[in-house]
Amino acid sequence: MCAQGENSSLTINGGDFTGQEFAVMAFDGAEVVVNGGTYETVDNAVFGTNGTAGRGNNTLIINKATINGAIASNGYEACGVYVANNDTVIIGPEVRINVVNGCGVLMRGGDVTIKNGVEINTITDKEEGFTGWVGDNKTKMSQSGVIYHETANYPGKTGMKLTVEDGVSINAVDKAIEILSNEETPNVFIPEIYQIA
Amino acid sequence: MAIILSERSVALSITKVYKERLMQNAELVAKKELVSLSTAIDSAAQKGQDYLSFKLSSSITKLAGEYKQAAISVIEADIRAAQYTADRVITNGEITGYEISWAEQEEVPGGDEPTGGDEPAPSGDDTDDGPIVSDANSLMAAIDAADNAVTIKLNDDFTVENSVTIPQGKTVTLDLNGQTITADSASAIVVTGGSLILENGTITGSQRALEVKNGGAAIVNDGTYITTSEG
Numbered sequence: 001m002c003a004q005g006e007n008s009s010l011t012i013n014g015g016d017f018t019g020q021e022f023a024v025m026a027f028d029g030a031e032v033v034v035n036g037g038t039y040e041t042v043d044n045a046v047f048g049t050n051g052t053a054g055r056g057n058n059t060l061i062i063n064k065a066t067i068n069g070a071i072a073s074n075g076y077e078a079c080g081v082y083v084a085n086n087d088t089v090i091i092g093p094e095v096r097i098n099v100v101n102g103c104g105v106l107m108r109g110g111d112v113t114i115k116n117g118v119e120i121n122t123i124t125d126k127e128e129g130f131t132g133w134v135g136d137n138k139t140k141m142s143q144s145g146v147i148y149h150e151t152a153n154y155p156g157k158t159g160m161k162l163t164v165e166d167g168v169s170i171n172a173v174d175k176a177i178e179i180l181s182n183e184e185t186p187n188v189f190i191p192e193i194y195q196i197a
Numbered sequence: 198m199a200i201i202l203s204e205r206s207v208a209l210s211i212t213k214v215y216k217e218r219l220m221q222n223a224e225l226v227a228k229k230e231l232v233s234l235s236t237a238i239d240s241a242a243q244k245g246q247d248y249l250s251f252k253l254s255s256s257i258t259k260l261a262g263e264y265k266q267a268a269i270s271v272i273e274a275d276i277r278a279a280q281y282t283a284d285r286v287i288t289n290g291e292i293t294g295y296e297i298s299w300a301e302q303e304e305v306p307g308g309d310e311p312t313g314g315d316e317p318a319p320s321g322d323d324t325d326d327g328p329i330v331s332d333a334n335s336l337m338a339a340i341d342a343a344d345n346a347v348t349i350k351l352n353d354d355f356t357v358e359n360s361v362t363i364p365q366g367k368t369v370t371l372d373l374n375g376q377t378i379t380a381d382s383a384s385a386i387v388v389t390g391g392s393l394i395l396e397n398g399t400i401t402g403s404q405r406a407l408e409v410k411n412g413g414a415a416i417v418n419d420g421t422y423i424t425t426s427e428g
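Chains as they are written, first to last, in my numbering: chain A, 1 to 197; chain B, 198 to 428.
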């Protein structure tokens with residue numbers, strides 16, 4: 001499923017969506033609203049946007065959804081929601097993200113809010129320390145629940161912001177929330193329980 | 198302080214857009230329900246009935262509060278416009294359907310002036326009755342022929358060699374009716390500026406089951422959607 005371009009909108013109220021990669025994508029200023037459904041991919045991220053300059057400014061609102069991610073390609077890892085540009089993304093409240101051999105949410109730009117009630121699980125059958133590429137083949141990522149990847153230096157990183165509300169449950173192979181940033185004060189607002197002193 | 202206000206403004210803007218979309222969705226779902234209601238009334242009338250018990254679909258009953266109310270308002274306005282007699286069916290405090298009658302009302306002796314005229318009741322909507330299709334060519338022909346909003350129902354599985362296109366100016370509800378469309382092309386259905394409601398079946402595409410672009414709008418209510426290739 002794909003929405004592309006300003007004023008294009010895709011509303012999904014339910015259903016089962018299985019993709020080789022990217023069950024749902026948004027490009028070029030499109031809007032996607034999810035009010036239900038089960039979403040699976042076998043070899044890449046489940047929800048995603050495009051990191052190329054000018055292809056962002058999408059709005060992605062995901063609620064009442066189950067998102068199951070997996071990976072098959074060597075060198076890569078799975079991802080639940082991949083925010084690659086200056087997109088606005090709201091996940092929750094009723095969303096469960098289950099990822100095998102990968103990360104739950106990876107952002108390289110945009111404004112991402114993960115709301116109270118969201119559950120993110122990453123599990124693995126790989127060797128300890130497994131990492132993999134997502135979206136490109138430059139930096140191998142961990143199997144963390146949420147990754148703020150400002151150091152990827154994507155075009156949409158300016159003003160990127162992550163908000164994780166109280167009540168978000170994260171059970172991850174690696175870190176619950178991983179901040180990869182050169183900024184002195186990353187634009188990250190997360191519950192105290194996930195903050196590292 | 199300026200930053201806080203700015204963030205709040207963005208959040209309010211997103212919420213407003215989200216609510217507008219949900220409201221548009223509710224109205225579209227209501228119009229689709231009216232197509233089903235109109236079809237059910239026609240069918241009942243052909244059997245000589247002058248009444249109908251109509252149960253609202255889950256597309257309506259599952260809507261959240263204000264959106265359900267908006268959809269109900271659209272439906273009941275249409276029933277009133279058609280000058281039918283309708284009683285709400287209430288289950289657990291929620292409207293779940295209507296008991297509708299189109300029998301001519303007996304004049305009450307000494308009563309008020311009748312409110313209705315002698316003209317036949319208007320249909321109340323400008324939606325075409327839906328064609329039933331069983332192959333790609335007839336599906337494309339039905340879309341091309343639609344002047345107004347149309348509901349197209351499948352009665353067989355079929356394969357499309359090229360993408361099914363919903364162009365600007367077309368408003369289509371595609372009731373897959375439990376059938377499967379398989380696409381040889383990268384995208385099975387492409388909404389290029391038109392509007393589409395999709396439900397009740399399976400679509401298998403190479404790279405995309407559904408693609409929306411050029412300002413198009415699509416609502417997927419349910420169904421199974423599968424892609425088999427990268428891209």
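Calculated from the structure, these hints are not laboratory results.
Yeah, the Cβ is synthetic: ideal placement off N, Cα and C, and Gly gets one too.
Some hints could be false.
Stated by the list, open to error - Selected chain A positions facing chain B (Cβ under 10 Å, derived; list incomplete):
| id | residue |
| --- | --- |
| 1 | 8 |
| 2 | 14 |
| 3 | 15 |
| 4 | 21 |
| 5 | 23 |
| 6 | 36 |
| 7 | 188 |
| 8 | 194 |
To be verified - Just so you have them, the derived chain A footprint on chain B, three or more residues with Cβ under 8 Å:
| id | region |
| --- | --- |
| 9 | 217–231 |
| 10 | 239–246 |
| 11 | 331–340 |
So, going through the hints one by one against the coordinates:
| no. | hint | verdict |
| --- | --- | --- |
| 1 | 8 | holds, 5 Å |
| 2 | 14 | holds, 5 Å |
| 3 | 15 | holds, 5 Å |
| 4 | 21 | holds, 5 Å |
| 5 | 23 | holds, 8 Å |
| 6 | 36 | holds, 8 Å |
| 7 | 188 | violated, 14 Å |
| 8 | 194 | violated, 21 Å |
| 9 | 217–231 | holds (count 3) |
| 10 | 239–246 | violated (count 0) |
| 11 | 331–340 | violated (count 0) |
Consistency with the previously given hints fails for numbers 7, 8, 10 and 11, ordered from lowest to highest.
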